[in-house]
Amino acid sequence: MYAWIFRHLPGPLWARIIIALLLILLASYLLMEYVFPHFAHYSPFNTDVTIGN
Amino acid sequence: MAQPSNTPQGGQPLRLAAHILGEILLTLGFILLLFVGWQLWWTNLEADANQAQALESFSQELPAPSPEAPDYDPLNPSVTASPSYGQVYGAVYIPRLGENYARPLAEGVGSDVLDTLGLGHYPQSQNPGQYGNLALAGHRQTNGAVLDQIDSLQTGDKIYIRTAEGYYTYTVYQSSIVLPHQVEVIAPNPDQPDQPLEEANRRLLTLTSCHPRYGDTERYIVHAEFSSWQPNQAGPPQEITHLIP
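In the order they appear, the protein sequences are chains A and B.
Adding 145 to a residue's 1-based position in the first sequence gives its number in this note's numbering.
Adding 46 to a residue's 1-based position in the second sequence gives its number in this note's numbering.
Hints should not be assumed to be uniformly reliable.
[Unchecked claim] The following residues of chain B were derived to be distant from chain A, with all beta-carbon distances above 12 Å:
1) 94
2) 103
3) 105
4) 120
5) 122
6) 127
7) 129
8) 134
9) 135
10) 141
11) 203
12) 210
13) 273
14) 274
15) 276
16) 285
[Unchecked claim] Okay, the calculated beta carbon distance ranges per label pair:
17) A:172 with B:245: 54 to 62 Å
18) A:151 with B:74: 18 to 26 Å
19) A:155 with B:158: 43 to 51 Å
20) B:106 with A:176: 32 to 40 Å
21) A:147 with B:127: 57 to 65 Å
22) B:195 with A:159: 40 to 48 Å
23) B:87 with A:151: 24 to 32 Å
24) A:172 with B:243: 47 to 55 Å
25) B:87 with A:155: 28 to 36 Å
26) A:155 with B:141: 52 to 60 Å
27) A:147 with B:83: 17 to 25 Å
Keep in mind that the hints were calculated from the coordinates and are not lab data.
Each residue gets a CB set at the ideal place from its N, CA and C atoms; glycine is no exception.
Start from the sequences, fold in the hints, and give me the full structure.
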């Protein structure tokens, strides 16, 4: 899939590398902003800090 | 143009399946790493920005120091009333945790408060300046990591709390590690958990956070006792002057 996407990006090689990196950054941002907050509950780091609750 | 040799060809279903599975696993691995990075880094950036903003809007409403400060008794503080859930009503300064350490104090210990606003006040505990126990909770990791260095607090360290009623200075006298169900540490008198609030004769402050770092099987507890108080008009205590706008 990734090879297919890379082959279908427009422009010369350097442009495709830059576009690919931008796509990865965009996907990461969308994950962090909209997806991960719904799963924070399951994270081992997001720990309970209160007593007795 | 020749196909790269690792591209699946027709008639090789097994190879195609392995290729797809490989990409899925790589993607999942990347997402998991990103999730860890998000938890330990991004949530701190977001919470720090949130908390800085909350502190700023809180401080703006407070009376500035004035040369005609009213007479006051440092050992007889006026008590701050607790506000409604989720409201920021104070600032906490702990020089041991950083020269510029300043975090908002908000009402409640639900994750919505602790994840965005900093230190949360247990609603069933007492208020700043009141006899009994002012109990606060804060994250050790993630979401601002407000009490990351809680284990560095030592006996004699000062904890300053500023509210609309003034500056309260508490002095650390004990640290301990307890189990999550040991609610006596936030009782009005942790040494005698059965003592009713009316008989409490010390003004205490208790910080709770998780322990160990990156885990929550235990709780790290710091107890401090009230030392002094001064109204906002009298200006901040010497040690935190540089933090007051």
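Numbers of the earlier hints that this structure fails to satisfy, in rising order: none
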